[in-house]
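Q: As a plain string of letters, each chain reads:
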Amino acid sequence: MTLLVQTILLGLLIGGVYALFASGLTLVFGVMGIVNVAHPAFLVLAGLFTYELWSRLGIDPLLLTLITTPVMFALGWLVYKGLVARVRSSSASMSVVLTFGLAIALEGAMGMTWKNVFRSVTPVYFNQSFHVGALVLPKAQVFGCAASAVVLLLLYLLLKRTWIGRAIRSASENPEGAHLVGIDIGTVSAFTFAIGIATAGVGGSIMSILYPIFPASQYVWISRTLGIIVLGGMGSLPGAVLGALILGVAETLTATYISTQWSVVVFYLVILVVLLVKPEGLMGARMRRDVVA
Amino acid sequence: MTAESGPVAARRPLLTLRNVLFALAFAALVAFPLLWPGDQYRQTVLILIFVLGVMATGWNVIAGFTGYVSLGQSAFLGLGAYTVGLLAHRVHVSPFLLAPLGGVVAAAMAVLLGATIMRNRGHAYVIITIAFLFLMQAIGLNAPGFTGGSNGVTLPLPPWPLAVGNMPFYYSLLALMVLSTLMTWWIRRTKFGMGLVAIREDEDKAASIGVRASVYKVLATVASGVLIGVAGGIYAYFLTFIDPRGMFDILVSVQIVLATLLGGLGTIWGPVLGAFLVVPMNEITNGVVAAQGVHLFVFGLVLMAVVMFLPQGLIPTVRGWLDKRREGHGAVAFERRQSAPRAVELTVAPGAEATRRWARGREAGAPLLKVDGLVKRFGGITAVDGCSFSVQQGSLTGLIGPNGSGKTTVFNLISGMMRADRGEISFDGERIDKLQPWDRAYLGLGRTFQSTRLFPRLTVMENVVAPLKRFDWRLLPADAVSGREARRALELLDFVGLADFGPQPAWQLSFGQKKLVELAQLLMLEPRLILLDEPAGGINPGLIERIADTIRALNKQGLTFVIVEHNMPMVLELCDAMLVMAGGRVIAEGTPDAIQSNPLVLDAYLGEDWSTETEMEGARS
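Residue numbers (the numbering used here), protein chains in the order written: chain A, 1 to 293; chain B, 294 to 914.
Please keep in mind that the hints were generated in silico from the structure rather than gathered at the bench.
Hints may contain errors.
Listed below are the simulated DSBU-like cross-link pairs for lysine-lysine, each with C-alpha atoms no more than 35 angstroms apart in a straight line [claimed, not checked]:
(1) B/663 with A/81
(2) B/663 with B/849
(3) B/762 with A/139
(4) B/617 with A/278
(5) A/278 with B/849
A short, non-exhaustive set of chain A residues, derived as facing chain B with CB atoms under 7 angstroms [said to hold, decoys possible]:
(6) 35
(7) 96
(8) 97
(9) 98
(10) 112
(11) 115
(12) 118
(13) 260
(14) 261
(15) 266
(16) 271
(17) 275
(18) 280
Since we're looking at a predicted model, the values are computed, not measured.
For each residue, glycine too, the CB sits at the ideal point set by N, CA and C.
Use the sequences and the hints to build the structure in full.
A: Encoded structure:
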């Protein structure tokens with residue numbers, strides 16, 4: 001019984017972190033209909049960047065997010081203006097091909113810079129745990145989940161309570177209408193994309209403590225983050241959180257009771273089954289896709 | 294501008310410069326290992342090119358023709374390789390007898406994968422294919438008892454003498470590449486291929502004219518995977534060792550994508566040309582600059598550059614340049630073909646099948662179309678709210694109402710583009726609300742679209758012959774444009790005054806011309822009822838009278854129409870029965886005269902205190 005509770009709790013903590021990893025992906029899809037397959041590559045990049053800063057400066061990786069986040073935001077802005085904006089008019093599938101090209105180029109660039117070796121950021125608490133009764137909660141996992149929750153809350157407030165948030169939401173629901181009332185779609189899109197990549201700044205810092213990272217580890221994160229947003233409903237931020245929690249628990253349950261090897265298979269199966277049975281996911285908006293467009 | 298070698302292109306003579314060059318290139322490939330049998334390195338590079346060529350031509354069927362981008366295409370290679378790899382130690386026969394089994398397994402998995410796109414579009418398919426590939430890899434890695442796990446599988450040495458070397462692999466893979474290219478060429482000429490292109494251009498529209506998209510998409514997935522499976526079987530023997538990471542590698546999928554995009558998506562030879570460019574590029578970045586990551590970096594950059602700067606690919610781009618040169622300064626070659634409208638008498642001679650149905654409809658004496666209590670909600674908005682009406686056989690029924698009253702949504706529900714949340718739709722006494730759009734088309738229900746939806750990159754002629762009156766497996770391999778259909782299509786084009794526009798790509802037409810072609814296209818279905826969505830909207834006033842005449846002429850021959858239209862004078866004059874919608878339901882019906890003086894109708898349109906016909910006309914948007 002303790003094992004079950006322990007497994008589920010750990011699953012929720014992992015899911016909380018996954019929610020942050022997937023949030024930028026779902027945000028960008030929701031607003032501009034682009035599946036940014038390169039998002040996990042940006043997570044890994046931010047992780048390696050955190051590693052670099054941490055090993056030189058010795059500052060806590062979670063504090064380093066104050067540096068990595070603005071850097072990733074700027075990078076996101078540049079990538080949008082330089083690459084993504086140029087292919088906005090072509091199909092959604094072609095944007096996947098483009099971002100996949102970006103993911104591979106990033107992987108190559110990271111391999112050239114950091115070599116293909118596993119790296120981990122190991123602050124003092126990385127192998128310590130909180131003990132609550134019989135339960136053991138790894139400190140890094142708890143801090144990571146807390147940081148993730150803070151960022152997600154900020155993101156939520158940004159979308160719901162600010163002018164730019166309203167502009168982002170209106171641009172996602174009705175681009176023509178938003179344009180007509182004076183919203184500059186190009187700037188809003190660039191901002192959204194940059195915000196999406198900025199979440200990878202915090203995400204990457206957390207990832208660097210919790211997981212060994214190297215350039216090719218992006219692939220497992222591609223599967224995980226895609227599985228999460230597909231299950232939650234593509235484009236829905238609350239959906240991503242829900243999907244992440246469910247899959248975090250599903251993954252730890254599989255790892256505990258079946259085997260770690262098969263745990264990532266959960267994500268592949270979820271993608272296939274959800275898209276086959278309920279393509280809009282758990283919380284996906286049933287958007288009015290008018291046939292007359 | 295059309296990137297396709299369309300089926301109605303005039304037959305070219307056999308001995309062209311292009312064909313001679315192809316023959317020479319092919320002869321050189323055949324001769325190469327015989328002339329330099331010792332050059333193992335170049336033979337290997339060519340073998341890799343052939344394998345990539347087979348994969349890219351296959352991918353072209355699903356992505357280039359059908360418009361569904363897959364990033365899991367290399368899974369078929371792995372499936373073929375593993376099928377043969379696992380059998381090779383148990384069954385001792387020639388590799389070339391085992392390899393086709395790889396194709397069978399790949400095809401079976403393709404059916405499963407194809408089934409997933411029945412309900413999904415675009416980006417969802419990309420994600421599914423990525424998950425599919427990773428799932429295959431994970432099974433390969435995690436089931437060592439069955440697949441050998443991460444240690445992979447070693448194959449027995451081929452049963453021929455060592456001196457023969459790789460020649461059997463070389464020639465069989467070359468043959469497969471040629472076969473695969475011929476297959477795509479053949480597919481593009483058939484009704485099946487044209488259906489795929491129609492799906493790529495506009496899937497909803499294709500379904501509305503009888504293209505049974507689900508079957509087409511599954512078949513396209515199978516066609517794209519089967520030869521890759523065979524190639525995988527041979528390739529496994531060539532490698533003598535296979536493992537899950539190498540065989541189910543997403544980077545191989547990306548190479549397939551790059552090769553096809555580089556050569557020309559949707560062209561016949563583009564994927565092969567791409568393979569001849571991508572493999573040497575790999576060899577150079579892998580071999581010459583061996584530093585970590587350089588290969589991936591260059592590869593990613595090239596892929597991005599192609600998507601951004603060469604989206605059409607090499608073959609269409611070069612062809613575009615050549616065409617421009619030939620035409621001088623890109624003059625609009627079609628300008629002179631425009632002809633004055635002709636008053637052609639056309640009999641909408643229905644086929645035997647339609648005649649039978651018409652007769653049945655008349656005997657029953659029931660309304661041809663009956664809509665009962667339809668409800669359709671979009672989130673919080675109820676667009677259609679308890680809509681009921683019926684349409685009499687042979688009538689010209691006008692469906693009017695203010696903007697947002699739900700007219701187009703009702704059309705979408707009747708034609709099957711959307712499913713109603715509640716309510717029933719009967720056509721000729723038969724419930725159709727659960728049927729797929731193509732099944733409704735087979736019953737004789739046709740519709741046009743407010744903004745006209747022709748397949749832009751198909752020619753006018755191809756657009757008109759695209760509709761299918763029924764689904765028949767035997768029809769799929771038939772020629773896309775056959776003699777009898779072409780004649781009928783010309784008749785119909787002549788009827789709408791556009792007979793000379795057959796070879797012109799549809800995107801070049803004016804809005805009004807598109808409306809007329811769309812009508813001709815629908816008549817090809819031999820429909821009994823046509824739903825016209827704003828036939829006079831947005832076209833030049835001179836054409837309105839012609840469209841009205843056309844509708845009237847067709848109606849005289851027994852064709853029933855339901856017309857959504859904001860041009861009040863036109864619709865009131867043309868129609869013999871009127872339905873008025875407001876707030877998602879029918880609020881009034883009757884003759885045009887009765888409707889004009891119905892206070893409810895005037896309220897719905899104009900608020901209170903309006904009464905004259907001229908002001909009603911002013912209400913159109």
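Q: With reference to the structure, classify each hint as holding or not holding.
A: A quick look at each hint next to the structure:
1. Restraint check for residue 663 of chain B and residue 81 of chain A: the C-alpha separation of about 53 angstroms exceeds 35 angstroms, so the hint is violated.
2. For the suggested pair residue 663 of chain B and residue 849 of chain B, the alpha carbons sit about 22 angstroms apart, so the restraint of at most 35 angstroms is met.
3. With a C-alpha separation of about 67 angstroms, the suggested pair residue 762 of chain B and residue 139 of chain A falls outside the 35 angstroms cut-off, and the hint is violated.
4. Between residue 617 of chain B and residue 278 of chain A, the direct Cα distance comes to roughly 48 angstroms. Violation of the 35 angstroms bound is thereby established for this hinted pair.
5. Straight-line distance between C-alpha atoms of residue 278 of chain A and residue 849 of chain B comes to about 47 angstroms, which puts the hinted pair past the 35 angstroms bound.
6. Against a cut-off of 7 angstroms between C-beta atoms, the interface hint on residue 35 of chain A holds, since the closest Cβ of chain B lies about 5 angstroms away.
7. Residue-level restraint check for residue 96 of chain A holds (minimum Cβ-Cβ distance to chain B is 5 angstroms; threshold 7 angstroms).
8. Hint status for residue 97 of chain A: holds, given a least beta-carbon distance of 6 angstroms to chain B, under 7 angstroms.
9. The beta carbon of residue 98 of chain A comes within 5 angstroms of a beta carbon in chain B, closer than 7 angstroms, and the hint placing it at the interface holds.
10. Among the interface hints, the one on residue 112 of chain A holds; its C-beta lies about 4 angstroms from the nearest C-beta in chain B, closer than the 7 angstroms criterion.
11. The beta carbon of residue 115 of chain A comes within 6 angstroms of a beta carbon in chain B, closer than 7 angstroms, and the hint placing it at the interface holds.
12. With a least beta-carbon distance of about 14 angstroms to chain B, the hint placing residue 118 of chain A at the interface is violated under the 7 angstroms criterion.
13. Annotation: interface hint on residue 260 of chain A violated; nearest CB of chain B at approximately 10 angstroms, more than 7 angstroms.
14. Taken as an interface hint, residue 261 of chain A checks out: its beta carbon lies about 5 angstroms from the nearest beta carbon of chain B, inside 7 angstroms.
15. Because the smallest distance between the Cβ of residue 266 of chain A and any Cβ of chain B comes to about 10 angstroms, over 7 angstroms, the interface hint for this residue is violated.
16. At about 4 angstroms, the closest approach between the beta carbon of residue 271 of chain A and any beta carbon in chain B falls short of 7 angstroms, and the interface hint on this residue holds.
17. With a least beta-carbon distance of about 5 angstroms to chain B, the hint placing residue 275 of chain A at the interface is held under the 7 angstroms criterion.
18. Taking 7 angstroms as the C-beta cut-off, the interface hint given for residue 280 of chain A is violated, the closest approach to chain B being about 10 angstroms.
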